[in-house]
Each structure stands twice: as C-alpha cells, then as structure tokens.
Amino acid sequence: MSTRLRSFGLGLSLCLLSATGGFAADWQVYDGFDYRTTELEGSDGGAGAWQREWRRSARGGFTVSRPGLLYKDSKGQALRTSDGLITLDLDDSGGAYRDVTAPHGEGGAQIIWCSFLAELHGGPLDTAGDEMALQLRNKADVALVTLGVMGRLNQWRIRVENTQKQRAYSPGVRNVRPEEGHWIVCRIKIDPAADATDSVHLWIDPPLDREPALADAANVLEGEDWWSGADSFQLRRVRVGTLQSGRPKGKKMQFDELRLGTSFLSVAPMAATP
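Under numbering that gives the first Met the number 0, residues 0 to 273 are what the sequence shown spells out, in order.
Calculated from the structure, these hints are not laboratory results. Treat the hints with caution; some may be incorrect.
[Claimed, not checked] Straight-line alpha carbon distances no greater than 27 Å define the calculated DSSO-like cross-link-like pairs of lysine-lysine that follow: (1) Lys164 - Lys138; (2) Lys188 - Lys138; (3) Lys164 - Lys188; (4) Lys251 - Lys71.
Only a predicted model underlies this, so the values are computations on that prediction, with no experimental measurement involved.
Input sequences plus hints: build the corresponding full structure.
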C-alpha cells in the first residue's frame, strides 16, 4: 500500500476554517498527544472545545510516547502532526475519555467531521460485543458513532446507536489491514427533521488536498432516522479504547492526531512543504 504511517514528529498547528452544514464554523477539537508525561490520564492539552482532561475508562491503560505517527497520501502530501501518540496494550476493557462542548447548531442538516491515525492489533476479537475503537458519545454515555474493529471481523467498521438502543452496523472494509496503520476520516450528517435520514461515511487514507466524494467512501451507513427529537445527536464525550476484550490475547492500539470539526479542511491540515 502506498499510504502508510511512519513515526516522527512535526510542528503543531491548528486551522479554523469555514463550516460544512449547520454547526458554527469555529467549532473544533484537536489533540496530538504531545504530552511530557508517560500516562494519558489527567492530561489536558490539545486545542478547541475540550471541557476537561483525559480520564480513565474501565482499567485505563493508555501510555504516552513519542515520536508520533505520520501520514502521507498517494500524492506524497503529509498530514500536519505533533510529536506524540498514545498506546493501549491491554487484554481487558480499558481506555480513556474526554468531554467536549457540543457544537452549536443553527437548524437544518448538520455535519461533523472526524479524523485520526490508528493501528489496531489483535483482531478478530472473541465475541460480538468486543471492540477496539473510537466512540463519540452523548450526555447519557450512549455511543452514537463507533469507528474501529468490532467482534469477529478484523476490519474497519461503523456502528451507530441512539438512546432507544437502536443499533446499526456496517459491513467491514475488505483488503485493508487495521494493524498496518491508517488515516481514518469520517463524515457524520445529522438531520433533525422528522423522518429525515442520517448518514455516516468513512474513508481510509484519502487525499489531503480535497474533500473526498461521498461515492468514494470505503464504508457507509445511511437511510435511517437515528438522531432526531428525543434522540438528537448531542455530542458530549470522546472515548478511545477497548471494551469487553479479555480474549484473544495480544491486543494493542496506537492512536494519534484526533480531530473533530465542521469541515473536511478542519480535520485534514497539510504539513508545510519543506
């Protein structure tokens, strides 16, 4: 594969750019995990709409190290990164979460973009409820969107859920090995209108210089009204880690360059050309 992750650090910069959808244009979240500590718990760096520090989830376990991960696309364009990453080496439920201030909606369909670098080792997992993933949760701690390896399929997948415990899963992305490391980009469309449909699109290693076409997504969930009325999206928390994963042994997550924003450009800043 021409797009791989390599480790070394680059300088940090965060761009605030115009919105796509109904959220305020300046809403953004970033953490490059460039911390001068070996434990993620209690760290409160990064930038944007974070409310507080990273906190332990279940058994915790995330450590901080450097250098960080780097992504270059098929054109040789590099993602802007900082000098750090987090690693979870734990055969049990563990990880970390951090609360955010939800973006302010202005009516109509709303768009949230998310991107991160990740390597997920040890799949397929033991049971359907096991996972290694990033979750976007609401104030009731419901995992509205989950991106990662789930259950007995060692492939990138999407899961959506609402407060009524309605769930939907995407198929896995074939011919992409989660343990090789990839840049994951996700677009979430939330339409609060009655009977409107919501959608989640996921791309793996797209070009940095343009917003990817919906038709080019590696994985899609759409066609249902998951988040409206009492089940509105209401993003409140980001969680990264494992759940219910006692077996098999040897699971490991490496995670870096977490971004949330209201446009593709806000989650895909390019490194300066030397």
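Consistency of the hints with the structure:
For the proposed pair Lys164 and Lys138, the alpha carbon gap of about 14 Å is at most 27 Å, so the pair holds. For a cut-off of 27 Å, the pair hint linking Lys188 to Lys138 stands: about 19 Å separates their Cα positions. Between Lys164 and Lys188, the direct Cα distance comes to roughly 19 Å. Compliance with the 27 Å bound is thereby established for this hinted pair. Restraint check: the Cα-Cα separation between Lys251 and Lys71 comes to about 23 Å, which is no more than 27 Å; the hinted pair holds.
The earlier numbered hints are all upheld by this structure, with none contradicted.
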